[in-house]
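Please construct the entire structure, taking both the sequences and the accompanying hints into account.
One letter stands for each residue in the lines below.
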Amino acid sequence: MTGSGTNRLGQGIEAMQGESLDPPVQRERKSPLRFAWWAIFILGITYFFLPLIGTFAFSLRAVPPSSAYTAILEDPKFFASLGYSFVVGFITIIISISLLVPTAFWVRLRLPRARPYVEFVTLLPFVIPPIVLVFGLISTFSRPPLPFTHTDIGSTALLVFGYVVLSFPYMYRAIDTGLRAMDIQSLTEAAQSLGSGWLRILIQVILPNLRVALLSGAFLTLAIVVGEFTIATFLARKVFSVYLSQLGDIAPYQQSAVALVSFGLTWIAMGFIALLGRGSRSRVTITGAR
Amino acid sequence: MTETAFARNAQGAPPARPGRRFSLTWLGLVPFLVFSTLFLLIPTAYLIVGSFVDSTTGDVTLQNYARLTEGLQLNAYLTSIEISLVTALVGGIFGFLMAYAVISGGPRRLRGPLMTFSGVASNFAGIPLALAFVFTIGRTGLVTAFLAGLGINPYDGGFTIYSKIGLEIVYLYFQLPLMILIIAPAIDGLKREWREASENMGATTFQFWRYIALPILMPSLLGSMILLFGNAFGAQATAYQLTGGFINLVTILIGNQLTGDVLHNKGAGYALAMGMVAILGITLLAYQFLQRRSERWLR
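Line order of the protein sequences matches chains A and B. Reminder that position 82 of the first sequence reads as 82 in my numbering, one-by-one numbering, no gaps. Reminder that position 27 of the second sequence reads as 27 in my numbering, one-by-one numbering, no gaps.
Since the hints were derived computationally from the structure, they do not count as laboratory data. Just so you know, even glycine gets a beta-carbon here, dropped at the ideal spot from N, CA and C.
A few chain A residues that don't get close to chain B, going by computed Cβ distances all over 12 Å:
#1 Pro64
#2 Ser67
#3 Tyr69
#4 Leu73
#5 Lys77
#6 Gly83
#7 Thr151
#8 Met182
Covered by chain B, per the in silico footprint, the following chain A stretches (three or more residues, Cβ under 8 Å):
#9 131-144
#10 218-227
Here it is in structure tokens:
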């Protein structure tokens with residue numbers, strides 16, 4: 001969470017110097033409190049891990065114990081729903097990036113005046129939670145002139161568009177921060193003087209420089225889309241979390257195993273983000289799969 | 001920031017055709033504006049307009065908002081607000097203590113792992129989260145069975161996970177790590193010299209916290225907790241899975257209205273959604289105000 005690597009190093013050096021100056025005072029003051037801090041930490045960690053252990057223990061109650069997991073592998077609905085969620089996630093990411101990169105680029109380059117309006121729109125999903133968004137989407141698009149919900153493909157399209165909206169706050173912020181770190185004015189001028197058009201500038205100059213920001217935004221979007229339930233269930237889409245939710249009535253042990261798989265997927269996505277953004281801020285989200 | 005960008009634009013490179021410049025420049029935003037108008041602004045506007053219209057007569061009315069004080073709606077708001085407040089406070093305080101523990105207290109080496117884990121846990125919500133708690137402290141869950149073995153079955157004492165308190169325990173699972181993630185930079189901003197200076201002048205640890213650290217941290221603490229409030233207030237999937245839709249939260253009630261018109265009045269449903277947007281709007285404004293405050297010291 002600290003800024004850059006050097007910054008952390010600087011703090012480390014500061015701390016070391018501080019300790020070498022007055023070691024006895026430091027140690028005396030800390031010893032009783034140290035126990036309390038450890039107690040708080042262990043209490044929190046217990047709370048974090050108990051539900052995972054509980055879920056795992058429950059999945060082993062099946063007879064034989066591994067059958068909850070083998071049942072997953074034999075369940076075509078598991079693969080169908082997971083595959084569907086991933087495809088929806090990928091399309092969401094592609095639309096979100098191709099919509100927001102040119103917009104953020106253009107706002108920085110030519111339209112700084114539009115910044116407050118664009119930022120306002122990208123922050124709206126904080127204020128309009130998924131349940132209200134899907135309420136509005138269904139109310140608007142279940143009738144002519146755009147009856148999206150009347151067809152299967154239309155409902156899926158609406159689902160993707162809803163997820164693109166959910167991705168706005170952190171995607172835009174990630175892209176904008178990425179753009180701030182480079183001199184887009186000079187890059188654009190250089191590219192133009194060499195004869196590049198706008199499309200080429202965006203794809204061959206701007207996008208490669210935004211690699212890290214876009215990848216971590218993409219993984220976050222994927223994690224959120226795969227876990228999202230509210231919008232999908234009201235649009236009657238058979239996504240992964242809807243499958244997981246309905247599994248309980250027929251196969252509770254398998255359900256606990258799939259819940260663990262879901263947690264594992266979140267881990268993988270967040271692990272990639274941590275790898276990509278070493279030293280940079282962890283992403284904080286308050287939209288998505290609550 | 002904006003001013004320098006303007007300055008650069010003025011002297012900057014290519015645009016040569018002043019007549020067409022204005023319209024062409026704004027054209028660059030058209031894809032974004034069209035998309036967000038269609039799938040964000042129009043759906044929201046639909047709800048706003050609908051909330052001011054009497055759905056049987058079609059007249060303009062404030063009646064839909066007046067109905068928010070009726071039993072079912074009012075109860076939903078109160079329950080949602082209570083759960084959000086409780087989890088924001090408990091998650092906020094305990095999250096702060098945990099973050100402080102790994103930054104300045106005992107287990108400092110565990111900071112990196114805790115931050116990574118918090119990133120995962122704050123995104124682990126909805127269906128699988130509710131299930132994990134059912135498997136753990138549900139009627140036959142692991143911890144319940146363990147406690148029952150000790151002769152203290154919480155379900156005999158009237159506890160149930162499918163209740164308000166149960167939901168609060170579950171929500172804390174994403175509230176706590178979110179707090180750890182957003183408060184850590186503020187704790188980092190507490191300068192070592194402030195502590196040393198106060199000690200040199202003879203301040204006790206209590207006095208340091210009472211007169212220096214807490215006043216400086218207060219805007220960040222409050223702001224973070226407000227963010228947690230909004231985080232819990234908008235949650236739907238977790239509560240739906242845990243209680244089967246039988247707990248009366250605003251999000252659950254909106255869902256029931258969407259599928260079954262439980263309020264028997266479309267306009268009242270739109271007003272219900274708009275009340276939620278209004279509360280979240282105030283939440284975001286308060287957060288941004290406090291955020292600006294906290295930057296005064298912590299930079």
